[in-house]
Amino acid sequence: MNCLSGTLVHETGTVRFAGRDLAGLGPHQRTRLGLARSFQLPRPFASMTVADNVRVPLLYAAGSRRGRRLSEREIGERVAAVLESMALTERARSFPRDLTQVDMRKLELARALAAEPRLLIADEAMAGLSQSEVDDIVALLIRLVEAGITVILIEHIMSAVMRFSQRLVVLVSGRKIADGDPVEVMRNPEVERAYLGQ
Amino acid sequence: MPSLDLVLNALTAGLLLGGFYAAVTAGISISFGILDIVNIAHPAFVILGSYAAYTLNTAFGLDPILAGVLVLPAFYALGALVYQVYYASFERRGEDSLRGLAFFFGLLFIAEVGLILGFGVDYRTVDAAYGEGSIDLGPVQLPLRMLVPFLVSLAMLAALQLLLSRTFLGRAVMAVAQDPLALKLLAIDPVRVRRIAFAVSVATCAMAGAFLIVIQPIEPSIGREYIGRVFAICVLGGLGSLPGTLAAAVLLGVVESFTSTFYGPSWAPAIAFGLLLITLAVRPAGLFGR
Amino acid sequence: MRTSLFVTLVAAVAAALFALAVASGSDYLLFAGYTVLQFVVLATAWNILGGYTGYVNFGSAAFFAVGAYTSVFFHKAYPLPIPVLVMIAAVVAGLLGLGMGYLTLRLRGAFFSIATLALAVVLQTVVVNWHFLGGSRGAYIIRPALAPIPGLTYIQYLVLVMLVLAAGALIAARTIERSKLGTGLAAIRDDEVAAESVGVPTLRLKLIATTLSGALMGMAGAPFPYYIGYIEPHSAFGLPYAVNAIAMPMIGGTTHWAGPLIGAVLLGSLQQIATVTISSAVNLLIVGLLLVGFVIVAPNGIVGLWQSLFGRDGQGWRRFSRSTRSASGSADSSRSTRSA
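Chains as they are written, first to last, in this note's numbering: chain A, 1 to 198; chain B, 1 to 290; chain C, 1 to 340.
Since the hints were derived computationally from the structure, they do not count as laboratory data.
A virtual CB, placed ideally from N, CA and C, is assigned to each residue, including glycine.
Treat the hints loosely; a few may be bogus.
[Said to hold, decoys possible] Computed from the model, here is a short list of chain C residues facing chain A with C-beta under 8 Å: (1) ALA187; (2) ASP190; (3) ASP191.
[What the hints assert, rightly or not] Over the 12 Å line for every Cβ pair with chain C, so calculated as not near, a few chain B residues: (4) LEU6; (5) LEU11; (6) PRO73; (7) ALA74; (8) VAL152; (9) LEU162; (10) SER165; (11) ALA177.
If we strip away everything but chain A, and leave its shape as in the complex, we get:
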């Protein structure tokens, strides 16, 4: 995950995104190419309002794939649109410390989304949330997929995984043990053993 987004440098193998080798590119360059991530533990910009948090990627990432800077008005409109899609509009002027857990996760996704990614890596976006909140987030993620964004969901909450996934990959200590249709993967005895423990 950290190798994909460029936070850590991988020692072997290559990371290719949209046909391009990402070796040597820093995280910010990868984001600009359209590879965005959210963090497992939310890492909002604490001194900024929710709206300003979302503005940062619009200033720094969203323009680069269009080949031009966005105007102030466009940015304002995009902020409003992203917050709307994440149901955060009412929170626009709040500071992160005043948010609930679920709103914090939504902000995390909203900020990643504002970078206008083609691929979004959602790292345990639902850990620790209640069932209804999980449903909330899953619904939001499904809407993103419908809008044409590929989502890699890293998740332990199986109900969310099964509802969301089109393709399921199971990794155990860095080794891939299963890959394919979610329902079939779940029938794989090795997966069952890995998930429940021996």
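With chain A fixed as given, assemble chains B and C onto it according to the hints.
What follows is chains B and C alone, placed relative to chain A:
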């Protein structure tokens, strides 16, 4: 071509100096290296230790290093107090980077100005039985005022190493650096462990300060010369490893000693900084780092 | 407030201050005013890196002294007018900042701070060993009798230069704060990993901030030899500059351009008064105590106290009431459910 005698003497002087540098750095290796507390006031505490030794020496004629041992509890208490304030004001609030640094910088400054107010800016010295004289090994001279601090310093490092590696407390300190949460589950209070470790790191300043005033005359602002040195050694030694600290300290001591022998002592302070920058740029994990 | 209006306002205040100082006819006021203005520039410069970006520079004295010694160098080699010296000092100190940043800014912030602290010691060593610059004995700069602007005494001219620098620094700081750059810097300060992940080129922005900050500090130092008349390394690289450059923004408030200004005017004036009435060592002690006191008790400085009382956009009360509401909201969302 410099004479062999000169080279040998520079080498021994560097070794002895290195042992002393290790004593000055040992505390930083604990606070910065293990606890991740950027205590830039550490050298100022060392100077405080020097003045404590100076005061006891002039008032009661006490041996300066013995005086250092006597004030150990006071420095331990000072360290515990500083940590408590640091913890309550910054660490707990998660604001330890910017404001924590400013806090220690303020302490450094207060200590220095306080000493200027108390003792003035004149150089101070102490009387010690080993202040003069030396042991001659052939052409090599071992001045006692360097040799005695060197030996006591090695003893102190050995004691610290035993404390960290063999005692329950020491292992708790190493554990708290890696995973404070796990420690909490074992019903050990990580804040308490960190406080004790930080207090120990400040206590070493009492000894290091006593060594310093035996080795050279001191004045309040001299501590600044040691900031570059201690952090260079700490980083070079691999952040938090006492054997690494000793090796790096000896390396710096030897390099500085050769520089002052062959280029003049006024260039010596720049050496540590050069070493620090090169280390940071090339190998931030240190010479002996993981 | 529109930027053009702000610039006009700053220029008007500066002009009024200068007219008042000249009209007073008091040389003491001019000398004291110069020092306070110099601290406004230093504090504002420090804050661009420290306050906006979150990287602590302990070597303000080094950048300041580099500016001052650039002037000494040209004074001896090839005398130039002060505004030109200010520009040269900006380039030299800016490059120094860039170089330092390039070597240490890829690492954790603490390493950068430690390196800046040691930088002052090294540059001092260089100057002590550089006899052309006066070495450890120091250098005398004989101030020209006449200012290049007719009708002004030399000290009035120096105050004018520093006033322009201070106004320029404030305008620059405010512009940065409200620009794309300022937003990026704030993101770095809040969370560097997250900033990087949303496309902020963190290393480049940090280098820009370090260079700008260093250049401004160098500019503040350039006229100093002409002001003081005699400069020696021990005082030019002295800790008081470094401490003041940190204490002033910390006390005033680091996230707003007005913070360093408030801190510099308050602390600077206080020190001018204390130096005359008590002693200079005592007033430095006061600065140190104030710094420690403020970072513990009022971490966001005077501007922060103001904002918490009256709100950022007059919204403080609303934010307060909102935070009490959301606190009860987060309690029931902390339940964790993990179903297989």
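Exercise. Enumerate the violated hints, using their earlier numbering and listing them in ascending order.
Key: none
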